[in-house]
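A.B. asks: Chain residues, written in single-letter form:
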Amino acid sequence: MALARYIAAKLLAGIVMIWAVATFTFFIVHSLPGSPVDAALAQKLAAGIPYEEAQQQIQAIYNFVPTDSLWSQYRDYLWRLLHGDLGQSISYGGVPVRSVILDNAPWTLSLAVVALLISFALGLGVGVLAAMKRNTASGNGLTLSGSFLHGIPTFITATLLFFIFTTKWPVFPYGDAYDINVTPGFSGPFIASVISHAILPLAAYVISGYGAWMLVTKSSVVSVLGDDFVVAAELRGITTGRKMRYIVRNAMLPLFTILALSAGYLFGGSLFIETIFNRQGLGALQFNSIGARDYPLMMGSFLVLTVSVILVNIIADLLYPIIDPRVRR
Amino acid sequence: MVIATADAIVDETEIVAPPASRVPLVIRVLFGRPTRAVATVILLLFALMAIIGPMLYPNNLRVDPEHIFAGPSAKHWLGTDYAGADVLAEILVGSRYVITSAIIAGILMVAIGTAVGLISGYYRGVAESGLMRITDFMLTLPSLPLLIVLSQKWKFGSPLMMGLILGITGWAFIARPIRSQALSLRERGFLEAARGLGLPARHVIWREILPNVAPFVAMNLLLSFIGSIYAQTGLFFLGAVPYSSTNWGVMLRQAVEGGALQASSAIAYLLAPMGCIMLINLCVVLLLDATDELFNPRLRG
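Chains as they are written, first to last, in the working numbering: chain A, 1 to 329; chain B, 1001 to 1301.
Next up, chain B with everything else stripped away, as it sits in the complex:
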């Protein structure tokens, strides 16, 4: 679970918007500062890894039984695993499942959460209280035990399935803050004017309220993305989910099962998937404040 704060928004408002230039806004914002540029490049590399990584290796990774739990060497840059397979190859092959399902889950969480939040914030009455009771219910259920129970019922074999289940169970923490923002926006002058003009609800919700919560939505998209990476690798790590192919969570599981925790030489095997997860986390954290500049029209020139 990730708790979003309005931190980024509070801190960066004093930045004066750069003068309009021919360079597209996205590129200006993402590459405007060195830390952001580095974070963006690393995240793009991970995306590239997810696309072409699995194509670089055959379906069954070649194993080297002579070298089990070997440390990093010229031949195996990140060492080898319990069976002697190359860890770097496993990282590359395993990235696709993790990143694809996290993207699916993140988009789904944010889409459902935003829709529920906006609708229950705009409409009063039965729709609102019904949706909020469902939201409270979803927030109350402990998500990890719930996912473990659900994993016994549905098989999480494909990234699509994993993403769908994470998305369907994880949207509630976005819906609540979006609703309270929508509630407070509702009383503002421009929305009263829009309602007074008799604009349809659809227009008010999507054209008037949504742009105002867009920075928060974008920030939550990033947070949901990393949250989904944690949730799924955690499930695999616990061994709660049966697996057929490799991914970072499965690697962690196999490292622990294979005794990597007791063998100092296996540290590279254990650290490689963890390092990838933490690197993605760090990059996302560095990019969080960029969402405000990207989606908040007031900060633009």
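Just chain A, with the same shape it has in the complex:
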């Protein structure tokens, strides 16, 4: 029963958060100067189309009534949002925002998930190592490297990788997610092309993500190492392997809570990485929509990014009782 209430509370908090973000996004985006609908309207008026007719055309294309009050636009927006309708993209000529986002999301998500898994595994391994050797030169070196790598911004890592491996030594191809010469499909050359195009962006994600995992793992393992149960287990003479299992299982708890944080971090990184490597994806979509003042797409992609961060948070909260039995009580 307590668990059901815990889950219900987390879900409710998530829904309220999504509403807050949707509202915030709507009003901040609508307070920006220079609307493309105004520009399109002015264009049609200048072409000699009567005002009423021009407005109807715009409404037909963009599903948007420019003269409505902000409040009724907001109500309209929320109502359509409840039905999964994010409106029509302006820069894509009236294509539904939902399908634009769905077309681009897999490229970002697949890369982000693989990057997350690699940096998690790497950070966990190196973090445990750094914790075990914490008072030696090599241990301190590992920690310092983690802090330093964690500190380098994603755009610097990505730009350097790009410069070194496509300009200086053209080892990896530049731009897009795969070669335009291969036809997409489940074939060897296509998969090889996708992988070779993904390596540099992936490396950029991992290099900037790994440091955080490593540092948190290290400090978490160090704090568990001093716990009474570890000392007791050592005195009982358990094997090193079993001891490590005890320690890692306990030390993983804080890692789990920063998983949610890192989801937001990854999406922030996707903006840089997709822009620098000229790939398609949610980050690039978001950036381009801002430049094109494509309000519906801007709101849609911002909302999708935020909602996925919230969802990751909810999932982390829901999985927490499984990982930490103490919460279940």
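Since the hints were made in silico from the structure, they are not lab data.
There may be inaccurate statements among the hints.
Chain B regions said to be covered by chain A (calculated; three or more residues, Cβ under 8 Å) [unchecked claim]: (1) 1132-1140; (2) 1205-1212; (3) 1235-1246; (4) 1273-1285.
Some but not every residue of chain A turned toward chain B, in silico, with C-beta under 7 Å [to be verified]: (5) A20; (6) F148; (7) G151; (8) Q286; (9) L305; (10) I310.
Each residue gets a CB set at the ideal place from its N, CA and C atoms; glycine is no exception.
Based on these hints, arrange chain B on the given structure of chain A.
C.D. replies: Quick look at chain B alone, frame taken from chain A:
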């Protein structure tokens, strides 16, 4: 985004406090180890650069159209940019914007974050849950896209404006850990005693709780400072923000736009601002553990 860990605090506690001496504590701690001394000196040099750098050159940098994207030479130590301007001069001139706005943003983030964390950790009830909902909201919003959207609304022309916006949007990641530390301190004996004595809340928060979280606050001040450097150079790098004067982010932007990524000879132009940013990062990382010795009274003799 920078995630702070309690690392520095865990590792350095075994250090025995040096005997009290006439040398001020700050100098003893910052120059106590060679790595720290080097880091401190480099950071001081950057501060000096921000103060006097822009005074050394005229408002419009002299360009040398004969040498575009030139490599390092005796005349141009760090080479020249796409228009033939001296890169070293641009680094010096551009440092003021970056460092000033990062200092403003860092102080603001830490001030708001600490205040929100302490207040919501001390008071129970409406104030606490309201503040924490706002904190959660700020943590959830993806900061970079948010900054890009905001940059369309407000112009980030002055370092003050840039610092204010970064500070107002970036404090949430400090508020949360400060709150949980305040919550756990709240149950400790000395705080119960303080409350039992009927000391006013203001006194308990600022005089009793704050000194206990001071090392963490100081560490976050450093992390916020470098985080703000990244955020703003990143914004300029993306070309999301219109600019009128030069700074390191603008240099990166112009290097990429000018084709430095495709020309090997322009590597110095690209590396100079990056190198400055990474050097500051390294120095700050080396100084992180010093904050504990500076602000934790238990480590002193």
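A.B. asks: Indicate, hint by hint, whether the structure satisfies it.
C.D. replies: We went through each hint and held it up to the structure:
1. 1132-1140: The restraint on the region 1132-1140 of chain B holds, since 4 of its residues have a Cβ under 8 Å from chain A and three suffice.
2. 1205-1212: violated (count 0)
3. 1235-1246: Per the Cβ count (3), the hint holds.
4. 1273-1285: holds (count 7)
5. A20: This hint holds: A/A20 lies near chain B, its Cβ roughly 6 Å from the closest one there, short of 7 Å.
6. F148: holds (6 Å)
7. G151: Status holds, d = 4 Å.
8. Q286: Holds - the Cβ of A/Q286 comes within 7 Å of chain B, reaching about 6 Å at its closest.
9. L305: Given a least distance of 5 Å, the restraint on A/L305 holds.
10. I310: holds (6 Å)
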